[in-house]
Every structure is written in structure tokens, then in C-alpha cells.
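Asks: For the protein sequence lines, the chains are U and C, in the order given.
According to my numbering, the first sequence is numbered sequentially starting from 159.
According to my numbering, the second sequence is numbered sequentially starting from 483.
Watch out, some of these pointers could steer you wrong.
Said to hold, decoys possible - Pairs of lysine-lysine residues, derived as BS3-like cross-links and limited to a Cα-Cα distance of at most 25 Å, are as follows:
| hint | chain 1 | residue 1 | chain 2 | residue 2 |
| --- | --- | --- | --- | --- |
| 1 | U | Lys488 | C | Lys629 |
| 2 | C | Lys606 | C | Lys629 |
| 3 | U | Lys415 | U | Lys443 |
| 4 | C | Lys606 | U | Lys191 |
| 5 | C | Lys606 | C | Lys631 |
| 6 | U | Lys451 | U | Lys301 |
| 7 | C | Lys629 | U | Lys201 |
| 8 | U | Lys443 | U | Lys301 |
| 9 | U | Lys201 | U | Lys451 |
| 10 | U | Lys415 | U | Lys193 |
| 11 | U | Lys488 | C | Lys631 |
| 12 | U | Lys201 | U | Lys191 |
| 13 | U | Lys193 | C | Lys606 |
| 14 | U | Lys191 | U | Lys415 |
| 15 | C | Lys625 | C | Lys606 |
By construction, these hints were calculated from the structure, which means they are not laboratory data.
The model shown is predicted, which means the values in this text are computed figures rather than measured ones.
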Amino acid sequence: MAYTTFNRNEFDTFAQPMFFGEQVNVARYDQQKHKIFENLIEKQLSFFWRPEEVDLTNDRKDFLDLPAHEQHIFVSNLKYQTLLDSVQGRSPNVALLPVVSLPELETWIETWSFSETIHSRSYTHIVRNIVPNPAEIFDDITKNEYIVRRAISVTEYYDQFIELSNYYVQLGEGVHTVNGQTIDVNMHELKRRLYLTMVSVNVLEAIRFYVSFACSFAFAERAKMEGNAKIIKLIARDEALHLTGTQHILQIMARGKDDPEFAQIAQECRDDVERIFAEAAQQEKDWATYLFKDGSMIGLNADILSQYVEYITNQRISALGFDPIFPEVKNNPLPWINAWLNSDNVQVAPQEAEISSYLVGAIDSEVDTADFGDFDL
Amino acid sequence: MPNRQTDWPEEFDLDGQPATPEPDFELEIIEPEAAPEPDQAELYLPESNPEQPEASPQLPLSEEMQPPRYAVALQDGREVVFQHAASLLESLEAQGVDVHYQCRDGYCGSCRVQLQQGSVHYHKEPLAFIDEDEILPCCCIPKSALKIKL
């Protein structure tokens with residue numbers, strides 16, 4: 159079962175499951191078992207954007223004017239998002255590509271992960287704009303206790319799966335002795351870890367990002383940090399597509415559409431899924447409390463943000479066919495956020511500057527001489 | 483081809499403008515009403531009511547081609563009529579039914595509702611995962627009377 163970069167076996171693509179079937183060979187898209195992944199690739203490519211296209215010159219000034227507790231909110235969220243996208247920019251490739259069996263899914267994973275690297279690049283772009291020394295912010299990500307705590311829960315399922323899958327790729331199924339340790343590689347456990355990894359990725363994309371999104375958009379509602387909000391809007395659009403991708407993978411697994419064993423695993427893991435969602439919601443609420451420890455921001459506080467986390471958790475877990483975890487929360491406590499999460503396609507007048515797909519660098523950074531009227535040396 | 487010579491005004495002021503008599507009425511300067519500052523939240527939503535075509539006129543339809551007018555019943559007892567909107571989601575919103583939404587483009591799946599009766603036409607292929615008994619109101623219109631559960 160050693161990994162090969164080009165499987166020379168002949169096999170029927172349509173008989174392959176998503177994962178743990180024949181290793182892929184020709185990257186061909188004329189025959190597709192799950193056409194949805196091709197559609198997702200097309201959509202993701204149509205979303206392509208570059209952070210440098212968004213003008214952030216006004217954000218620097220806005221940031222310096224923010225009170226200290228709001229700077230804390232802004233910078234902490236940026237650090238957390240940097241962590242999330244650092245993980246997502248590599249882990250789908252490392253974890254999933256060695257065991258994928260369908261070319262369209264393989265390419266979707268690569269396209270998906272690549273778009274996360276653009277997000278990471280945009281954080282550097284934002285940080286360079288707001289502070290003279292970006293290292294101050296980036297170096298803290300591995301030191302800050304609150305961020306590290308969340309890094310553990312974000313990566314644990316990935317790491318557990320990769321550990322076992324590495325043994326599987328090298329040694330195949332069976333009980334092996336490696337460096338005096340007994341390693342039991344069995345397919346059921348591998349698939350169980352893969353399923354839980356997909357669930358935790360879905361949680362990452364569908365819930366964990368949204369606390370920071372809410373804060374970024376709340377700043378922009380007050381016309382602060384608008385360039386940043388424009389970038390976050392593009393990131394949120396990508397993340398909505400990624401979560402649809404993981405929902406599709408999870409649902410294809412849960413229905414046993416191409417591998418009946420996954421249907422059984424999904425059934426066994428229902429409690430784990432609920433636990434992963436509930437834990438993530440709790441961690442996000444704790445994060446909201448940490449963000450607002452020195453004071454809230456206008457239009458947002460830890461309470462309302464926690465309600466929003468509960469609302470979005472309900473939405474996302476229902477999409478996987480589970481009952482809502484917080485049945486008492488029925489309505490969106492922050493309805494204005496939807497305007498920022500809304501795709502641009504509903505706009506009918508594309509020449510308007512608010513539409514990011516039309517003019518990406520459209521923040522007005524014009525400075526008039528009258529602005530210096532009260533300026534004296 | 484008009485005779486250019488005779489088309490010219492006969493008299494000119496010094497600054498080159500034709501001499502015209504002062505108007506015999508008082509000029510009244512009408513200040514344009516200050517446009518309300520748009521809320522950021524409303525920037526991306528349609529301003530007109532999609533179910534009120536009088537407010538947003540469209541070309542008249544022929545006798546044979548009437549707009550698809552279908553009753554949409556909700557499981558909680560509310561009833562609305564789909565008639566002019568571009569999507570079921572817009573129609574529901576215009577009639578005061580709150581549906582969850584995010585992308586309004588078929589890829590996030592936030593607006594998914596359960597279809598209990600009837601059938602819909604997708605004007606855009608939905609990307610989000612939807613179960614066999616579910617629809618995405620943001621990218622479909624009814625093909626028959628519907629019964630849905632939010």
C-alpha cells in the first residue's frame with residue numbers, strides 16, 4: 159500500500175470511493191463520480207482574488223485611532239484567523255491527498271487548500287499595514303496562551319488521523335511493531351479518524367471563523383477598518399464554499415454512497431459529532447469573553463456574540479442532519495452580518511463601488527488639502 | 483442639409499451667449515432632499531419590493547405568458563403568494579417571512595428549507611448540499627403551489 163504518485167493499475171473510476179480506494183493516476187475530469195467537486199472547483203476559481211488589490215491605506219489611520227481595547231479585539235482576531243488559515247493552508251493536502259481516490263476530489267482539495275494560502279497572505283498584508291513591525295503580531299501566535307489553547311483543539315483530529323494514515327501508507331493494514339511500539343492499523347479506525355477530522359474541519363470553517371468575521375464587520379459598520387472588512391468579506395465568501403465542500407464529503411460518507419462502511423461509522427460517531435460541535439461553540443464563546451475582557455465595542459459584546467455562535471452552530475449542525483444543539487436560539491441576533499456575508503451577485507448595478515467583484519481596490523483613500531485645514535506646525 | 487448661415491442666432495452677447503430676455507418668473511432653487519445615509523447592512527439588498535411590480539415596473543407580459551403565480555404555504559400556517567420576484571427567497575422576504583440566508587447564490591446552503599409539496603425550478607444550479615426533500619429558495623422559483631417548512 160506504499161504511496162505512489164502515479165498509480166499504474168487500470169481500474170474503473172466509478173467504482174472507487176472518495177477515500178481509501180485505488181490511488182489516483184491520470185488527473186482527468188472527463189469522467190466524474192461526484193460532479194459536485196468539479197462545480198466547487200469552478201466556483202472557487204471564479205472567486206480568485208489577491209489581497210494586494212484591496213487598498214488598506216485608510217485602515218492604518220483607523221487602527222491608530224482605535225482605543226486600546228478595540229485594538230486588542232482587532233489584533234487578537236487577526237492572530238486567530240492567521241492560525242486557522244495556517245492550519246487549513248496545509249492540512250487538507252497533508253492529511254487527505256495520500257488517501258484520496260478520485261481525481262476531481264483530489265483537485266478540489268488542492269484548490270481549497272490553495273485558497274486558504276491566499277487568506278494567510280492577506281493577513282500579512284493587513285498586519286504590514288497596521289503595525290511597523292509585523293513580527294510583534296505573528297510571533298505572539300505561538301506564545302499567546304488563548305491562541306495556543308485553541309490551536310490544540312483545531313489540530314488534534316488532523317494530527318491523530320495523519321499519524322495513523324502515515325503508518326497505513328508505509329506499512330499497510332495489520333499490527334506492526336515500530337521502534338518497539340505496537341501499532342494497530344485497521345481500516346475501521348482509519349475511516350473513523352478521517353470522518354471525525356472532516357467534522358472538525360467543517361466546524362473550523364463553519365463556526366470558528368465567524369466570531370472574527372462578526373468583529374471585522376462590526377468595525378466596518380462604523381466605517382472603521384473598511385479595507386480589512388473588504389478582505390474579510392472575500393475570505394468569508396471562500397469559507398462558505400469550503401464548508402459546503404466538507405458538508406458534501408460528510409453527507410456522501412454518512413449515506414454510504416460510495417463506501418457503506420462510512421455510513422456505519424457516521425452512525426457510530428453521532429455522539430462524537432455533537433460533542434465536537436458543542437465543544438467548539440463553547441470555545442468560541444470563551445474566546446468572545448477573552449476578546450471583550452477590557453471592554454466591548456459598539457454594537458457587539460460577549461453576550462450577543464455568544465448568541466450568534468449558538469445560532470450559527472445550530473445552522474451548521476442541522477445541515478449535517480442533526481438536531482440543533484441550542485434549540486432556544488431560533489433567530490439571528492446579528493442580522494446585519496448577512497449583508498456582509500451576502501454574495502455580490504444580487505447587486506444589479508455593478509458599477510457601484512461596494513461590489514467587490516467589480517472594483518476590488520475601491521476604498522476611497524482620497525485626501526483633500528482641506529483635510530489639513532487645522533494642521534499647523 | 484440646413485442652411486448653416488441662417489441657422490445662426492442673429493445677436494450675440496459679448497461673452498458669446500445668444501441674447502435672451504430675462505425670464506418673467508422668479509427662479510426658485512429647489513434643494514434636493516438629502517438622501518438618507520444608507521446603512522451598510524442595506525447596501526447589498528434590493529431596494530425595491532420584488533413582489534410589488536408597480537414599484538419596480540417591468541415589461542408587460544402577453545396574455546399567453548403570465549407570471550408564475552403560485553400559492554406558497556408554510557407549515558406554521560402562514561400563506562404567501564409567489565408572483566413576481568426573481569427567487570422564492572426574495573418573494574418570502576418581501577411578504578414578511580424571515581428565512582435564514584447568507585450568500586444568496588446557492589453555495590452556502592443557509593436558506594435551505596424543507597419542501598413538503600410541489601416542485602421548483604432552479605435558475606441556477608445549487609452547489610450547497612441539499613437533501614432530496616429540501617430546496618434552496620435563493621436560486622429557485624415555484625413550478626406549482628408549494629408547501630414548505632422553514
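Asks: Work down the list of hints and note, for each, if the structure agrees.
Replies: Okay, the hints, checked on the actual structure:
1. Lys488/U / Lys629/C: holds, 21 Å
2. Lys606/C / Lys629/C: holds, 21 Å
3. Lys415/U / Lys443/U: violated, 36 Å
4. Lys606/C / Lys191/U: The given pair, whose Cα atoms are some 21 Å apart, holds under the 25 Å limit.
5. Lys606/C / Lys631/C: holds, 22 Å
6. Lys451/U / Lys301/U: holds, 19 Å
7. Lys629/C / Lys201/U: violated, 31 Å
8. Lys443/U / Lys301/U: holds, 21 Å
9. Lys201/U / Lys451/U: Outside the cut-off at roughly 39 Å; violated.
10. Lys415/U / Lys193/U: holds, 14 Å
11. Lys488/U / Lys631/C: Holds, at roughly 14 Å.
12. Lys201/U / Lys191/U: holds, 18 Å
13. Lys193/U / Lys606/C: Given pair Lys193/U, Lys606/C holds - Cα atoms ~15 Å apart, limit 25 Å.
14. Lys191/U / Lys415/U: holds, 11 Å
15. Lys625/C / Lys606/C: It holds: about 15 Å lies between the C-alpha atoms, which stays within 25 Å.
When held up to the earlier numbered hints, the structure conflicts with 3, 7 and 9 and fits the remainder.
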